Structures are given as structure tokens and as C-alpha cells.
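Undergrad: The lines below spell out each chain.
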Amino acid sequence: MRTENIHIRNGRLIDPGNGIDRQTDIFVAQGKVCALGQAPAGFAAARVIDATDRVVCPGLVDLSARLPSFESELVAAVAGGITALACPPDTQPPLDEPDLVESLVKHSESIGLARVFPIGALTQGLAGEKLAEMAGLSRAGCIAFSQATRPIFDTQVLLRAMHYAASFGYAVRLQPQDHYLAKDGVAHDGEVASRLGLPGIPVCAETVAISTALHLAAETGARLHLSRLSSAAGVALVREARRGGMQVSCDVPVHHLHLSESDIGYFDSQARFDPPLRAASDRAALRAAVAEGLAMVCSDHTPVGEDGKQLPFGEALPGAVGLELLLPLIVQWAREDDVPLPVALARVSRDPAAALGIDAGSLEVGRRADICVFDPEESWCVRAETLRSRGKNTPFLGRDVTGRVCATLVGGRVVFEA
Amino acid sequence: MLNPQLNANGKLNHLLSTESLPREVMTHILDTASSFLEVSDRDVKKVPLLRGKSVFNLFFENSTRTRTTFEIAAKRLSADVINLDVGRSSTAKGETLLDTIDNLVAMHADMFVVRHASSGAPHLIAEHLRRIGREDVHVVNAGDGRHAHPTQGLLDMYTIRHFKRDFSGLKVAIVGDILHSRVARSDIFALATLETGEVRAVGPQTLLPSAIGRMGVRVFNDLREGIRDCDVVIMLRLQNERMNGALLPSAGEYFNCYGLTPEILALARPDAIVMHPGPMNRGVEIDSLVADGRQAVILSQVTFGIAVRMAVMSILAGN
Amino acid sequence: MPPPLTLPDAEAQCAALAGLIRPKLPSNAALVGIHSGGVWIAQRLKTLLGLQEEIGLIDVSFYRDDFGEKGLHPQVKRTSVPFEVEGRPLILVDDVLYTGRTTRAAINELFDYGRPAGIRLAVLADRGGRELPIYAEFCAWQVELADSQELVLEPDAAGRLQWRCIDHA
Chain A
0 MRTENIHIRN GRLIDPGNGI DRQTDIFVAQ GKVCALGQAP AGFAAARVID
50 ATDRVVCPGL VDLSARLPSF ESELVAAVAG GITALACPPD TQPPLDEPDL
100 VESLVKHSES IGLARVFPIG ALTQGLAGEK LAEMAGLSRA GCIAFSQATR
150 PIFDTQVLLR AMHYAASFGY AVRLQPQDHY LAKDGVAHDG EVASRLGLPG
200 IPVCAETVAI STALHLAAET GARLHLSRLS SAAGVALVRE ARRGGMQVSC
250 DVPVHHLHLS ESDIGYFDSQ ARFDPPLRAA SDRAALRAAV AEGLAMVCSD
300 HTPVGEDGKQ LPFGEALPGA VGLELLLPLI VQWAREDDVP LPVALARVSR
350 DPAAALGIDA GSLEVGRRAD ICVFDPEESW CVRAETLRSR GKNTPFLGRD
400 VTGRVCATLV GGRVVFEA
Chain B
0 MLNPQLNANG KLNHLLSTES LPREVMTHIL DTASSFLEVS DRDVKKVPLL
50 RGKSVFNLFF ENSTRTRTTF EIAAKRLSAD VINLDVGRSS TAKGETLLDT
100 IDNLVAMHAD MFVVRHASSG APHLIAEHLR RIGREDVHVV NAGDGRHAHP
150 TQGLLDMYTI RHFKRDFSGL KVAIVGDILH SRVARSDIFA LATLETGEVR
200 AVGPQTLLPS AIGRMGVRVF NDLREGIRDC DVVIMLRLQN ERMNGALLPS
250 AGEYFNCYGL TPEILALARP DAIVMHPGPM NRGVEIDSLV ADGRQAVILS
300 QVTFGIAVRM AVMSILAGN
Chain C
0 MPPPLTLPDA EAQCAALAGL IRPKLPSNAA LVGIHSGGVW IAQRLKTLLG
50 LQEEIGLIDV SFYRDDFGEK GLHPQVKRTS VPFEVEGRPL ILVDDVLYTG
100 RTTRAAINEL FDYGRPAGIR LAVLADRGGR ELPIYAEFCA WQVELADSQE
150 LVLEPDAAGR LQWRCIDHA
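Chains as they are written, first to last, in numbering that gives the first Met the number 0: chain A, 0 to 417; chain B, 0 to 318; chain C, 0 to 168.
No incorrect hints appear here.
Derived BS3-like pairs: lysine-lysine, alpha-carbon spacing no greater than 25 Å straight-line:
1. B:Lys44 - C:Lys76
2. B:Lys45 - C:Lys76
3. B:Lys10 - C:Lys76
4. B:Lys74 - C:Lys76
5. B:Lys163 - C:Lys76
6. C:Lys69 - B:Lys74
7. A:Lys31 - A:Lys105
Because the hints were derived from the structure by calculation, they are not lab data.
All values derive from a computational prediction rather than experimental measurement.
Start from the sequences and build out the full structure, keeping to the hints where you can.
TA: Now the structure itself:
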């Protein structure tokens, strides 16, 4: 596809990977960053984007987004400043065959918006019994292997899956939740669930699974990434493991940085999540973990139709859309907790790019020009009719958020402009 | 947050839970129930208050007993009562809960009495009625999942008030499977609103909600300690499916540890009353000698239950 | 503003009302008072007429025809009819007769207890303004009032009944 020379002028350039935070210009040619500050000799801009009072940063990298339709969801992604995203394997059918993965990658490339990095199934059909063809899936484009939210009942199978992945150096991503301890649960086993009579999911469902995963990773040497942590005790276990020298990374869903069990209110099914929203003290611990760099942040984008949410709380499907809210919710968190913007942006660009092992999350000269330009001050109201995602399910409907994407570049092309 | 039970004027529009039910509303219901009690004593047990109104009993979960009490209450108010066995009809054909509601609203329903296995289902219906601008249709929660059974909670309050007058000096023990009990939750919140002296939750840890300590109750795992000096003992029904398994080893062991026998009851105050929401499992949670004894007020609860439901329906229909 | 009203002595009116009833009192008549004013008057009539039997008390809240507009009265009193209504001549007692709707509700309620031989109405005040074909056979005071005025009967600190006129204009 044709690219043009683009000059983004006078913005606050934040490149967390290279320690840059200053007002400067950036120049893009042939799909790559070709200069910062001064235009290279002979550079003629076909297009100039004025970024005065705006932030120019690497395109966001989302560790987990479910994409029921590429057409609508990739538009939503770039509208949210996301230029690369990983999709979990719990598609229909699951991503356990190389052909499926290849066609998925081709389809996403043909759309030419945000890049899609599939995560392959760890076991066939995600059934947790037989190993998936990881090498073939890797060749087809999978960048890691996971069970999404499906359990592996037999711990020996998990051990073997991690051993096998470690043989090839593949990353294993696990959402730590003990199936039995979480069985029938629909909300955090705490004050709100006790009061509303909702079957609870105890924190130990997460910590038991984290401990298991950490021990198996130590045993097998597999590269482990723990997805979607929800509890203070959970991040504390990861912190401890890292202090002990383990190479383990983790992320938390952006919703869990802002919401807690009390947002369930009177059975609001928009506040049903997997893992569940936990106590306010857990939320504080997740925020601290992200601030210190222990955890990165994903959108956990999960579109659910109205039919899936207009149900009694426990019967409603969990999840919320997040592609268009990731950036404003990160900006808002940074502001509320006095976290420097470069640090906050690192958690959704540099860090996840490193965890996924992909070329993204940097504005260094010569790197892909995946760029997000946003206004950090502009507030906007989240409305169903203005969300581009097919899913309109979010607890933030009707709420004001701050931080709005003005332009998004993928591979040096402007794919979104407000 | 808006209280979904009250309308814009602060009047009761739906009865969904005893939690966040203002004390004056609760007292109004109990006072009105006292007047309705007399109606049930007449030869013509009927007043024309709800004449021409259609009350739909929507029981998504089967309960002939509760449905009947609501049916009697509605009929004594001269309402037309339509019983829908929704558990078997519409939902089986793929119709959603809210589709069913839309259909019945189109049939000019005035009130829904809802029993559902999922906590919060009546809230969902009330919220839906608000969204479609039909707040003139009222919802009465007749039991949702583990969440609430507010008319049972209110009839329990009526019973306690009838026998004990004042709540402030009372010690009330709620014994048994509190984790799964909507009755227990409704009682706990109502007792708190009425500023009861002390509320105790008694049971093994497997049958207590994890955050029970933050619901304003004292927790006891030992029945003898929990019942000592109590004025009111509320025994909960133990569901059959919970008797043998990972929650409890057996019905027999449960009875030995948590069954209310005359010897245990003797630890309570001599004038203590014993309540049970019914139906009782004799020999599981309660000894027949207690169930049929002079301190049991279980049949009074049933009588008061009709009057309380009449009061709730007539107050809702009038607001 | 309507002219101020000279309010008569309500206790004296009760005696006058008893005087009106006495000559026409059937031998086995029973008194039924409508909450709250009618009950106070019926209690006095029972003494004045020398009746032995307990009076009946009724609250018409559950029978009102304005329930749809006004809802349920917050202080519903207990209805109690401690005698057999079937075949009895009843004297229904109220404080003020106005539209007649309360009387209509009370008659309906009494019929749910049985079929009385007859019902006659005794009131302390008839203020006109009838909306139903209802007539008080015994009435101590005929008075014309503006629509905005309301006549209220209440006991004073010593328990003596007295009138108060409230203007809602």
C-alpha cells in the first residue's frame, strides 16, 4: 500500500522506550520514522499534522482484545489509538489449526488497520487434554499460546504443555483462575456478593492458579505471562516471584483499574467481568502494580450484544468493550494517581510490545511508524451511538472520560483522523 | 445511586428488597397489614381495593406454596390473578425474560409478582419498566436467587413486632444455611433498619457468606452459644440438595450440630419465640417437639404473611 | 375569603343528635361509627341512648373509590364489627356528610359482613355538596361551606369534641 511523507509538528513527543518526552516534530517516510526534530535533507511533506497541545506517542499495543468482526473492531481499535493487538484463541472455532490462523492474519492484513497478532490455543479445541500443534501455529503467525478463559483440569497436561512450549521458546499466557474455586461464581466473593446473594469467586481462585503457574514455569523454564490479574494478593505473588529472579510478566484489565465490586450497584450486568471486579483495596493494589511496572494494562475488549447483557446479573455474559476506552482510562488513571504520562503510556505500548515480542511501541528512527496523536485534555462522553465497536457494552456509558485520539498512523499511513 | 424501589416522590413503586427500604415505608406496610389481618377474619374475606387490576404471578422457579399466598392476598384485594407457569412455557421456547414482560405489559398487567432463580431478576424487570416508561406497572419480588424475599422478611418483622413489640432490646438469632438464603438476607436488612438490639448469624462456615461479618451481625459457629439469651430464633430451611456433599456431611450430623431441640431452645430466653419460613424439615433443622411446641409461632407467620402481602400490593397499587 | 364561621358546641350537638334518634330507635339497633370522628360520636350516642352492645368501628380505606388517585391512606385503622350484621337495623354514624362517597364505601363494607335489615345515617354536620344519592336521616347541623373549606372534628386536651374549620384557599 502507498505511503506518503508525513510531518507531525509541534507535539509533545512521548516515547517511553527511548526516554523521550519533549516538544518536537516527527517525520515519517516509507512507513517508518525517518527523523525527530529536524526534517531530513530533501524531505517534502505530503501531509502535515499539527499536534500543538497534543501528545504524540507510539501506537498502543493491546495484549487482549476479542474481535467478533474485524471490520468494525479494527476501526474501533485505531479510533482508540491502538495499532497492534493480540487476540485470544477462544474464537469460534478456537485458534488451534495453522490454516485458521493464517486466514485470520491475512484477513486482518487485507483490512490494513491495526495489526492483529493471534494467540494460539495451548491445547486442541482448548479442551485442556491434548496439546495443540504449537510449532505449526507459530509458523502461521501465533506469537504465544494460551487457554483464554478455559481451564486445564489436569495439571499434568499443563505441565507438559509448558514443557513443550519451552522447547521452542514460545511464550505461554495463562489467565489464572482455578476452575473449581471459581465454579458457579459470578462476582468477587466479598461484601457486595454477600449482600446481593451473588455466588462468589474468592481471591484464592486466582492465587492458587498463579502459584501453580509460577511453580510450573519454574519447573519447565517456559516464558510465562499471566493475563488479567484482578487481586492484590495476585499481583503480590507475581512481585515476589520476580524478586526471586523469575522472568514472569503480567497484565491487568483497564476496567479493573477504575471499577470495583461496588460498581455492581443494583445488579448492573455491565459490571459483570471475568475475572470479577474486586474490592477497592484490590483496585488500589492493581494501580500500584501498574505504576511500578510490575503489570501492564490490556483493554480486555469483549463485545457482548444486548441479548447477552439484558439478563439477570448471574446469567449475563461477562466483559466490556475497551478498545476505544483504553487510552482515556489510562490517561485518567495517570492523572488521578499522579503517574507521569510517559510511565502510564509505557504500560500500553513499550511494555506489551516487549511481552509480545513484536516490533511496536517505539518511535525510534528507523522503526515502524505506528503512531498515536491524542489530546490529553479533551473530555468526551461515552455513548453507544458514537462507539465504533459493534459492542456497546461498557459500564462507562454516559460517563465523561478525558483523552481523545486525534490521529492514528499504522505503518506510516493515516488510518484514523478525528 | 437511585433507589430502584422508590418513585420520584419517594413512594414505594416496587418491592424488591428490604435493603434500602426506608423505615417509615416498612412501618407503613406493617401498620397496614395489621388492618388487613381483620379482613381475613370476616365471612367475606375480600375488599374491593384492587378491583379490575391484573396481578400476574410470574414464577420462573416453582413454588406452589409462595405462589398460593400471593394469589390469596391478591384475591382478597379483589384483583384478577393470572398465574403463569413461565418456567415451562415461554423460556423453553427461547423467549427472554424481558420479552415475556413486554408481552404481559401489552396485556395491561398492573403488577408482577416475580419468583426467579437468579439474584437480581426483579431488579432487571423494574429497570426495564423504567426504561420503557411503564413505571405504573409494579414489581413485587417473591424471591430471587439467594438475594431477597422481602415479603417473607416483612412478615417476619410483623411476627416479631406482634409478639415482642419493640425491636431495640431484642436478640435475634438466624440459624442455618444463611449463604443460600434470601430469607436470611431480607431478615438481616429489615432487622437492621428497625434497629434491633442484636442480630446473630449461626451456622457452619460452609453455610455463611464470606463477608457476613460486615452485614452488621454477630457470627456464631456454635448453636448453643449463638442461641443463648435470644428473644427470637429464626430457623432456616436446609435444602435437600445441600444435605450431603461438600457443604455438609449429612442431614444427621447437621441435626446433631445445628438442629433446634427443646434442650437447645432452653438456652434462649424462656419467652423466646421460634420462627421458620417453611416448609420445615422436621428432624433436620428443627425437632418436632419444638416445631409443635408452645414457643413456635410458625403458623402465625403464615397468617400474617397473607396480610403483609395484601398490604404490600395495596400500597404499591395506590402509589 | 368566605366569612368566618361560628362553630357550634360539638358535645351539645351529640346530645341533640341522640334526641333525634331516640324516638325512632328500633329495639335491636346497633351503632357503627366511621373512623375517626364517627367513632367518637357513636361512643357518645351509645351512652346517651343507653345501649349495652359494643359499637362497630369501620375504616373505609379499603373501600374508597378514590384509591386510584390518592392511594392508600397512611393510617388505616382496624375495622371491627363485634356483632352479627345479618338482619340487624344499623345506624351508621359519621361526623361530616359531604359528597356521600365515604358513606357509600361504608355501606359496601357493612354488606360484606352480612345483610342488615336496614341502614340509617346519623351525622353531626351536613355541609351539602352531595355527589351520590345519600341522605342523613338524623342530622344535628345543616351548614353551607365553600369548596375550599374543610370541617374537622377533634377532641381537645380534656377529650371534649370540638369543631375546627380549615381553609385550603
